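Please arrange chain B on chain A, whose structure you already have, making use of the hints.
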Amino acid sequence: GAVVSQHPSRVICKSGTSVKIECRSLDFQATTMFWYRQFPKQSLMLMATSNEGSKATYEQGVEKDKFLINHASLTLSTLTVTSAHPEDSSFYICSAYRSVASSYNEQFFGPGTRLTVL
Amino acid sequence: RKEVEQDPGPFNVPEGATVAFNCTYSNSASQSFFWYRQDCRKEPKLLMSVYSSGNEDGRFTAQLNRASQYISLLIRDSKLSDSATYLCAVNKASGNTPLVFGKGTRLSVIA
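For the record, the sequence lines run as chains A and B. The numbering used here applies: residue 1 is where the first sequence begins, and numbers increase by one. The numbering used here applies: residue 1 is where the second sequence begins, and numbers increase by one.
Extracted from the complex, chain A is given alone in its bound form:
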């Protein structure tokens, strides 16, 4: 079963709207979560690292004022796309590491959120 959930799975909105995407770790705590973005036929690109209780770390070229990240608890990180425009239309995926063995952590991905901005 899923270990990382995302909500909503799909959003269609008008240009200028802000959209919030939630990422939850199920049955485990995640002090760090990652947000990726994937455009059609492109690779997953890391946008930012979300740290519980502190500011997110953004990758070069990702506007922190446009993509607001809040990691207020050990099981929830949110990504808000502010004033979305058509070029923000993409597949947004979060991930978190979960311990699967005593010395091994595996990165699990959420099911993704498909954002379409009209």
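Simulated from the structure, these hints should not be mistaken for laboratory data. Each hint should be verified, as a subset may be incorrect.
Computed list of chain A residues with no C-beta within reach of chain B, every gap over 12 Å [stated by the list, open to error]:
1. Ser15
2. Arg24
3. Leu46
4. Glu59
5. Lys64
6. Val117
Subject to a maximum C-alpha distance of 27 Å in a straight line, what follows is the list of computed BS3-like cross-link-like pairs (lysine-lysine) [as the list claims (entries may be wrong)]:
7. Lys64/A <-> Lys79/B
8. Lys66/A <-> Lys55/A
9. Lys66/A <-> Lys42/B
10. Lys41/A <-> Lys2/B
Since the model is a prediction, treat every value here as computed from it, not as a measurement. In this text, a Cβ means the ideal position worked out from N, Cα and C, and glycines have one as well.
For chain B alone, kept in the frame of chain A given last:
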């Protein structure tokens, strides 16, 4: 040069064929290597971790060549259900760090 590069696709192969995917990475300090499978409009799912000694899981074999900074995935006896995009991913550092993905190679297995 991109951090992680993969064979351009798509690969269209008949059922039962053997197909190989290649991936190169630019950062010689990279620590961990993975192959993910991604189905259309879905999140990536871990297929295999890749170890220096090479590892096999059923019909799938992964190999790592650190000297050449090269990773491969071999799929034997292809099934229709193997049709997907295969992503190579690399961890630049140890610990719970984000992955750097290749662009992916699309595989279509045809009956």
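Report the numbers of all earlier hints that the structure fails to satisfy, in ascending order.
3, 4 and 7
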